[in-house]
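With the hints as extra help, turn the sequences into a complete structure.
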Amino acid sequence: MQVALVDFASFFYRHVAVVSLLLSSLVPKLVDPAVDPDAYRNVVSTVTLFAGIFQAAFGIFRLGFLVDFLSHAALVGFMAGATIMIVVGRPKSHE
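Position one of the sequence shown corresponds to residue 1 (the UniProt record's numbering), numbered consecutively onward.
Think of the hints as simulated: they come from the structure by calculation, not from any bench. You can trust all of the hints, since none of them are fake.
Label pairs and their calculated CB-CB ranges:
#, residue 1, residue 2, range
1, D38, F61, 27 to 37 Å
2, L21, A73, 16 to 26 Å
3, M85, S45, 16 to 26 Å
The structure presented is a predicted model; accordingly, all values stated were derived computationally and were not measured. The beta carbon of each residue, even a glycine, is placed where N, CA and C say it ideally should be.
Written as structure tokens, this is what we have:
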């Protein structure tokens, strides 16, 4: 039972990181956080809410089979690119 929880957690966090990366790269193009932080906060909250609603709907209605229509090369390229951007964008740890 413990192994299943660990596998689920790693699966969950991996996909959340990719969605967070996408949202953080797209939202500043809509609203500049330095100019209008309240509007930026509203846009981020709204986009996050809708992303969660879509993910929940896909899970509830079992629409994961739609991913089969995407090519394997496109998925691997997207995940590799997202991984590289996450690793490169991580702050350096102070030792």
